[in-house]
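Participant: Sequence:
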Amino acid sequence: MAKPSDTRTAGRKPAAKPVAKATRSTAETEKIRAALAARRDELRAEYDQTLSEITELQRDRLTDSAGDDQADTGTKTLEREQEISLANSILERITQVERALERLDEGGYGWCERCGNPIPVERLAAFPSATQCVTCKQLEERR
Numbered sequence: 001m002a003k004p005s006d007t008r009t010a011g012r013k014p015a016a017k018p019v020a021k022a023t024r025s026t027a028e029t030e031k032i033r034a035a036l037a038a039r040r041d042e043l044r045a046e047y048d049q050t051l052s053e054i055t056e057l058q059r060d061r062l063t064d065s066a067g068d069d070q071a072d073t074g075t076k077t078l079e080r081e082q083e084i085s086l087a088n089s090i091l092e093r094i095t096q097v098e099r100a101l102e103r104l105d106e107g108g109y110g111w112c113e114r115c116g117n118p119i120p121v122e123r124l125a126a127f128p129s130a131t132q133c134v135t136c137k138q139l140e141e142r143r
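Taking the UniProt record's numbering, the leading residue of the sequence shown gets 1, the next gets one more, and so forth.
Rather than coming from a laboratory, the hints here were simulated on the basis of the structure.
Glycine included, C-beta positions come from ideal geometry on N, C-alpha and C.
Some hints here could point you the wrong way.
Here are the computed distance ranges between Cβ atoms for each label pair [to be verified]:
#	residue 1	residue 2	range
1	56	106	39 to 47 Å
2	61	117	48 to 56 Å
3	140	34	26 to 34 Å
4	61	105	39 to 47 Å
Put together the whole structure using the sequences plus the hints.
Facilitator: And the structure:
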């Protein structure tokens, strides 16, 4: 006589087995570290340039605001908000690269933070600071 299936486990996938993490050679790790550090430095230079431009534009706006009507003031406010948003976006990318460097030091670089599976090399080549595999990132973006 067959046993009725347990309704608590019916339809569930078995728990994923932990994947053994392959070790990278020192040369590979240093190559990745150099690429990430170079990207971080590029982003910092871009961020510094953006802040400099924002400061200069703010100075110009303060001295050239005589006779502005509401539309001019609104336009200037919108432009300032866009500039600040751009600077914040660059700062977020810097943070992502620094986090990738930390993960590299800890041995977690190239592995999905959510499921623990390896992140495809193609994804890391396109987005070196990726912390999730494609599947997990798609699931996150659907929420």
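Participant: Between residue 140 and residue 34, does the C-beta distance stay in 26 to 34 Å?
Facilitator: Check passed, 29 Å falls within 26 to 34 Å.
Participant: Residue 61 and residue 117, beta-carbon distance inside 48 to 56 Å?
Facilitator: Hint holds: Cβ distance 50 Å, inside 48 to 56 Å.
Participant: Determine whether the Cβ-Cβ distance between residue 61 and residue 105 falls within the hinted range of 39 to 47 Å.
Facilitator: With a Cβ separation near 43 Å, residue 61 and residue 105 satisfy 39 to 47 Å, so the hint holds.
Participant: Between residue 56 and residue 106, is the Cβ distance one that fits in 39 to 47 Å?
Facilitator: holds, 40 Å
Of the numbered hints stated above, none is contradicted by the structure.
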